[in-house]
Amino acid sequence: MTVNMTKGQAISLEKRGGGTLTAVRMGLGWQAAKRRGLFGSRTREIDLDASAVLFADKQPVDVVFFRHLQSDDGSVRHTGDNLIGGAGQGGDDEAILVDLQRVPVHIDQIVFTVNSFTGQTFQEVQNAFCRIVDETNGQELARYTLDGGGAYTAQIMAKVSRAGAGWQMTALGNPANGRTFQDLMPAILPHL
Amino acid sequence: MTAELVRGQNHPLSLHQVEIRVTAGTPVLALVSAGDDEGRLAGPEALAHPGARILPGLEAPGAAGARHRFPLDLDAVGAAVHRVRVVLALPGGGPARFGAVPAPHVAVAAADGAEVAAYTVTGLDSESAVVALELYRRQDAWKVRAVGQGYADGLGALLTDAGLPGPAATALAAAALAVDTPLATAASAAAPAAARGPAGEGPAGAPAATAIDYAHPRRRRTTEPPEPAPTPEAPGQAGAPPRPVAGDAGGWSMEERLYNQVWGMFEDLARTVAAYRSAVDFADSRLDRELDDALSDPSARLTANAARDAARARRDELVARAQAVLDRDLAQLRAESEVVEPALPAAYARWDNPVWHGAGAPRESPLALRLGDLSLPEAPGLRVPMLMRLPLERGLWIDNGRTGSEAAMAMDTDRLRRLAMDMAVAHAVRLLAVHPGGRFCVHVIDPAGAGAAALAPLVRSGVLAAPPALGAAGVTDTLERLTRRVDLVQMAVRAGAPAELPPDVDPADQLLIVHDFPHGFDERAVTRLRYLADEGPAVGVHLLMVADRDEASAYGPLLDPLWRALMRLSPVPDHHLADPWVHHAWTFEPDLPPQHSAVLERALEQVMTRH
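Respectively, the protein sequence lines represent chains B and E.
Count along the first sequence from 1, then add 264; that gives the number in the working numbering.
Count along the second sequence from 1, then add 2; that gives the number in the working numbering.
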């Protein structure tokens, strides 16, 4: 069952039946730009980037993005940069895997963001979405549709934060502008 | 359900009254040794053999046979016994090596006949004695481990390795093997044994001496199916970490899997310590901030003490949680290291690993080489093998200068230099021993003869291509020959005909040990050396410098690129190596043969018999 999340909605990442989630994946997919007929290599590619920022008590401790594909502690892993997008059929073109059991004890929030590195706004991107998946069984927990949105180049998607002994996820869906996660820091901080 | 073990794997034993079953394609002797917590035997009486069959809790079979069943009561073996080993040995008069017979199969069975764990001792070659299983005590519980450690020099070498003095071991081995092979029982038992021969090597009676190896000796067999990977068992209860198994990683061969597993452990250790350090740093900085806040707020002066205590408690609580996570991860890595180390092939193994007593001419060049051990202060006692792919991309530089590190400062120059040279010799022996015969060749430049004592084992055994080069003339001559080789091989490779070399060019990989640099070097020789360091690795010429950078300071910055191009190793523990993931400074420790051990000489003897 997929929850189409609305802004600010929080869902607990506890499984029904008592167990907590151990691994989640944030997937990002979008449709590649249409090929130019002649000189196809000069198509204006669309490059969206997924990033995750690890916070301890509102201080950024580590970042996972296309130039640092794994957090130093090994708990958050980016599967690699996709520069052009995919078929737009719902498959993930970039993914960030979080092993919640290995997240260091002082990290209490992980914020996921999406940026348009090549500068197109989400209005210009076709079939873009972002979703959170339970990595252990492939079940989709939450999904956002990005395209058709406003004239924004970035979005602060969601945060995963500690709640008691487990974790909970909050949908943020906050539009912003920026080329990489660094530009988003001021927009992230109010959500912590 | 029977647990089929792979080499190095262990399995818990809930029962203490068990039966040991041995099935072999040929008559073998089954012996049992009772050792202390390091597996050492107190004396000849700690081995149950046909001449003295009974030890507390066990009785070894009285004669060689293709099948054995004998009981073992672990509650009765005595409190001092921590490791009970099942040893198989080939009696005289039959096949002389396990490589010529079907792989023996050993099992531990419960009283009701159900097998608890079983192990097929594969991969043996010229060994004539092998430690098949080990039943050992771990925190008041017993476990069984598949050992599979063979000894080419036979039972005597096995017993020496288990701590018996040489003459006593030889005498005991002779006594144990002095039994008549009851051929009748062997023949009758051989048929069913062959029928259930685990590896399907055919009937046991097949004459082994005629086994022909059709593989090209120099070709890497890439088309053969990959070796089966060990499968870690499903964890007994949910949430418990799976029991580690040697070779639990991707790869085509066991060697490649172990290489990947060791690097996996290296990365996991780096990252788990990174998580711990990050948490402690955060806890400390938060404590500072909170203490500052408590002091700077004048209105809260009365409660400042309480605030300070609360801040400290918060810090300690977070650090304790980080420590608990670290301890959990380290326990898992330690358990993994415990099964991986004994399973490592010679190229990866420490010098005290019994694999060095095993047989064996390697058939293929190794994938990688152990250069030493790496550790972090947070994980005392956990030492990760430092494995580097062969051919080495960079030359090695063993730094015998005293200014390099604290440990070197504290040591006197002569001892440090000797240690550095011993380390170079150990690396040379390791490289020679793990390459097939004639595929590796060592040259030495020792202009002043200052390294003669350390080089003696190499010189004495005759493995060197030529005696160590002395004086300026020797330096020039050796460098010229190797430079010529590099040039010719490069030309041949560029021309697309790497096999078309002049007959006097040795196609084997080369190692050049340079001692006392820059003594005996003129400008021209220095240029040649730099050329070798740059161009050599690509065409199989490796450089191993044993040098003190300060002594070459007269050359100024001219030599900086040379030192940078080499991988610096230290003869004493030193923190100069960083991992590729989080850049911790790791403590490097060289791996030297144990003192008074003849392992180097033995390895060199084996190298010579291969030529």
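Keep in mind that the hints were calculated from the coordinates and are not lab data.
Where hints are given, some of them may not hold.
Here are the simulated EDC-like cross-link-like pairs (lysine to aspartate or glutamate), alpha carbons at most 20 angstroms apart as the crow flies [said to hold, decoys possible]:
id	chain 1	residue 1	chain 2	residue 2
1	E	145	E	40
2	E	145	E	38
3	B	322	E	117
4	E	145	E	343
5	E	145	E	114
6	E	145	E	75
7	B	322	E	77
8	E	145	E	21
9	E	145	E	117
10	B	322	E	340
11	E	145	E	6
12	B	322	E	295
13	E	145	E	39
14	B	322	E	286
15	B	322	B	372
16	E	145	E	77
17	B	322	E	294
18	B	298	B	356
19	E	145	E	340
20	B	322	E	290
21	B	322	B	404
Computed from a predicted model, the values in this text were never measured in an experiment.
Quick rundown of the hints versus the structure:
Proposed proximity of residue 145 (chain E) and residue 40 (chain E) is supported: the alpha carbons are some 15 angstroms apart, at most 20 angstroms. Distance hint between residue 145 (chain E) and residue 38 (chain E) is fulfilled; the C-alpha atoms sit about 15 angstroms from each other, no more than 20 angstroms. For the hint pairing residue 322 (chain B) with residue 117 (chain E), the CA-to-CA distance comes to about 57 angstroms; that exceeds 20 angstroms, so the pair is violated. Using a Cα cut-off of 20 angstroms, the hinted pair residue 145 (chain E) and residue 343 (chain E) holds, with the two alpha carbons roughly 18 angstroms apart.
Between residue 145 (chain E) and residue 114 (chain E) the alpha-carbon distance is near 19 angstroms, which keeps this suggested pair within the 20 angstroms criterion. The straight-line distance between the Cα atoms of residue 145 (chain E) and residue 75 (chain E) is roughly 13 angstroms, inside the 20 angstroms bound, and the hint therefore holds. The straight-line distance between the Cα atoms of residue 322 (chain B) and residue 77 (chain E) is roughly 58 angstroms, outside the 20 angstroms bound, and the hint therefore fails. Between residue 145 (chain E) and residue 21 (chain E) the CA atoms are separated by roughly 14 angstroms; this keeps the pair inside 20 angstroms, and the hint holds.
Note on residue 145 (chain E) and residue 117 (chain E): the hinted pairing holds, with a Cα-Cα distance of about 14 angstroms set against a maximum of 20 angstroms. Simply put, residue 322 (chain B) and residue 340 (chain E) have alpha-carbon atoms about 40 angstroms apart, too far for the 20 angstroms limit, and the pair is violated. Proximity of residue 145 (chain E) to residue 6 (chain E) is assessed by CA-CA distance (about 14 angstroms); at most 20 angstroms being required, the pair is judged to hold. Simply put, residue 322 (chain B) and residue 295 (chain E) have alpha-carbon atoms about 17 angstroms apart, close enough for the 20 angstroms limit, and the pair holds.
Taking the CA atoms of residue 145 (chain E) and residue 39 (chain E), the gap is about 13 angstroms. The hint holds against a cut of 20 angstroms. A hinted pair counts as satisfied when its Cα atoms are at most 20 angstroms apart, and residue 322 (chain B) with residue 286 (chain E) qualifies at roughly 16 angstroms. Proposed proximity of residue 322 (chain B) and residue 372 (chain B) is supported: the alpha carbons are some 9 angstroms apart, at most 20 angstroms. Under the criterion of a C-alpha separation no larger than 20 angstroms, the hint pairing residue 145 (chain E) with residue 77 (chain E) is consistent with the structure, at around 13 angstroms.
For the hint linking residue 322 (chain B) to residue 294 (chain E), the alpha-carbon distance of about 18 angstroms falls within 20 angstroms, and the restraint holds. Annotation: proposed proximity of residue 298 (chain B) to residue 356 (chain B) holds, straight-line Cα distance about 19 angstroms (limit 20 angstroms). In summary, the hint linking residue 145 (chain E) to residue 340 (chain E) is supported, as the alpha carbons are separated by about 14 angstroms, within the 20 angstroms threshold. Taken as a hint, the residue 322 (chain B) and residue 290 (chain E) pair is honoured in the structure, with Cα atoms around 16 angstroms apart against an allowance of 20 angstroms.
Restraint check for residue 322 (chain B) and residue 404 (chain B): not satisfied, since their Cα atoms lie roughly 28 angstroms apart, outside the 20 angstroms limit.
The structure fails hints 3, 7, 10 and 21 (numbered hints given earlier, in ascending order).
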